[in-house]
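Trainee: In order, the protein sequences belong to chains A and B.
The opening position of the first sequence corresponds to residue 1 in this note's numbering, with each subsequent residue numbered one higher.
The opening position of the second sequence corresponds to residue 1 in this note's numbering, with each subsequent residue numbered one higher.
Honestly, the hints are just simulated from the structure, not real lab data.
Computed from a prediction, not measured in an experiment: that's the story for all the values here.
You may find that some hints are simply not true.
Stated by the list, open to error - For lysine to any residue, the following SDA-like pairs were computed, each having C-alpha atoms within a straight-line distance of at most 25 Å:
{"hint": "1", "chain 1": "A", "residue 1": "LYS140", "chain 2": "A", "residue 2": "ARG210"}
{"hint": "2", "chain 1": "A", "residue 1": "LYS140", "chain 2": "B", "residue 2": "ASP318"}
{"hint": "3", "chain 1": "B", "residue 1": "LYS208", "chain 2": "B", "residue 2": "MET218"}
{"hint": "4", "chain 1": "A", "residue 1": "LYS140", "chain 2": "B", "residue 2": "SER316"}
{"hint": "5", "chain 1": "B", "residue 1": "LYS255", "chain 2": "A", "residue 2": "MET1"}
{"hint": "6", "chain 1": "B", "residue 1": "LYS2", "chain 2": "B", "residue 2": "MET218"}
Unchecked claim - To give an idea of the interface, some chain B residues facing chain A are shown, with a C-beta separation under 10 Å as derived from the structure:
{"hint": "7", "residue": "PRO122"}
{"hint": "8", "residue": "ILE135"}
{"hint": "9", "residue": "ALA179"}
{"hint": "10", "residue": "ARG181"}
{"hint": "11", "residue": "LYS255"}
{"hint": "12", "residue": "ARG263"}
Said to hold, decoys possible - Sample of chain B residues facing chain A (criterion: CB under 10 Å; computed from the structure):
{"hint": "13", "residue": "ILE96"}
{"hint": "14", "residue": "ILE116"}
{"hint": "15", "residue": "THR303"}
{"hint": "16", "residue": "ARG321"}
Even for Gly, the Cβ is constructed at its ideal location relative to N, Cα and C.
2 protein chains.
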Amino acid sequence: MKIGILGYGNLGKGIECAVQQNDDIELTAVFTRRDPSSVKTATGVPVYSVDDAIKMKDDIDVMILCGGSATDLPVQTPEYAKYFNVIDSFDTHARIPEHFANVDASAKEGGKIGIISVGWDPGMFSLNRLYANAILPDGKDYTFWGKGVSQGHSDAIRRIDGVKDAKQYTIPVEAALEAVRGGSDPDLTTREKHIRECFVVAEEGADKERIEREIKTMPNYFSDYDTTVHFISEEELKANHSGIPHGGFVIRSGKTGLDGEHRHIIEYSLKLDSNPEFTSSVLIAYARAAYRLNKEGQTGCKTVFDIAPAYLCKESGDYLRSHML
Amino acid sequence: MKIGILGYGNLGKGIECAVQQNDDIELTAVFTRRDPSSVKTATGVPVYSVDDAIKMKDDIDVMILCGGSATDLPVQTPEYAKYFNVIDSFDTHARIPEHFANVDASAKEGGKIGIISVGWDPGMFSLNRLYANAILPDGKDYTFWGKGVSQGHSDAIRRIDGVKDAKQYTIPVEAALEAVRGGSDPDLTTREKHIRECFVVAEEGADKERIEREIKTMPNYFSDYDTTVHFISEEELKANHSGIPHGGFVIRSGKTGLDGEHRHIIEYSLKLDSNPEFTSSVLIAYARAAYRLNKEGQTGCKTVFDIAPAYLCKESGDYLRSHML
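Please model the entire structure based on the sequences and the hints provided.
Mentor: This is how it looks when you write it as structure tokens:
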């Protein structure tokens, strides 16, 4: 199975690594909007201009779209679904129905499969919400994120006057997690669920008090949270905060019995050293599914909800039943 | 959707409760091998002799088989799959391939769907092993069970001379769980993973030292574990140990990156007040899937690996995408 990568950022590089771990998958090409001669891949895979992608439609079984959800994927996924089986990690939850409809129309027109919103949230977290809701209809859902780096919040800090660089960690509140696991079904405010910890490199002579105040009072991003701000040196930021860890918890607490007398807790959690590499690993598994579904004659847009789990594995049904069931 | 229950033990009663929580599902009948007039259902559902089941094949969309894996299900599931869509919780891991083949042949002959080995292990735990393996091919799997009641181990203690009643809890070793979560990929012996705690009611005048020794040295069941034995009164057993809790943990620890430099931990856990009621809740969700798949014209044997998650939910694809993705 031959795949292509469109967009060689953190996610594209993660796909390149993930391919090494899957011997049924081969990486044929990377496509970039930059000058291809300026991009060197880690494993020597050839790089082409995005303008040449469609010409290579017969050489690639699945194209993995590694652009951003704000402006890239809403255009790219429907466009390329006319020519390729495609996978994306579209993560603007509110716009998923619209994106689904667009990709569905294109993919059906092209006789291809498009799987959207693949990764961990949306993705594995969504799957766990669905399974847990199907099993325990009388219950309550909780999702916690972190400990991990929020790119959006880090960017918001960097836009403040006098800030040279910054990294923001989202951290679940341990007491809230414990209350949920204890089965008390608490109603939790935004502030009770997560705290925000910021590591900031200030420009020389900048007013740190003002920066800290601007961070802590920033609407939407920080004002609803307990936020701590640490000013550190550029060297310290580089040495201790250059990773992209993330993770989180999906918990459903539900009741069964004639009078709801029995309590059950279903918990799924991820602890990830590298957010983009883990997301890439999920994308690769679903690329395998896209390829197979299309070979069976299926077309149109799918999500993780529509894919039978066995399609993600290279092993046969016999093997899976005897080794994993 | 109309369901039938074959076998009115703990699992059958759990199904009866679970039906109450699903307004698209109706419980039509309970079938028993006992004298039907001797069985009173909790919600007043009519009880028939198992001999009358096949006559009612047009009144029931899915038959849920609630017998045991040792002798009931290997016969019942293939037999009833000729007449009904069926679901079972067959849990003898080593015999799953053979059971699958038998049910597949019957279900195809009858034009029905049979979903086998549904529950939490096999079932939800299997699904989580599969997803985690598909995502992180370079990694290691761990399954821990408990804290929970093992029926098999409790029965083994009850067979010892001088024992009136007993309850055995399987308990994961916290230090082992922490080592796995820490990403050190430990090799764990049986003894290092679980401990066994036994609550025993001895007959009057029985030799407790001998009973304790017989428990602790019992091959397969206890000799490979650190086992503690508590002698308690019949009243205490009834008051504090009459529940059927269970649960456990499925953890995969894996690496990504060009040189495996990033570590990821995927963990799924269950904490269940009632093992049979939770299992029943899973069975009901898959009964819904069986009914739909058969309506689409599919036949044969399936497992949880073969069922796209959306089939478990009564809600539409549109609803699931906008609310759970």
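Trainee: Which of the listed hints are not met by the structure?
Mentor: 1, 6 and 9
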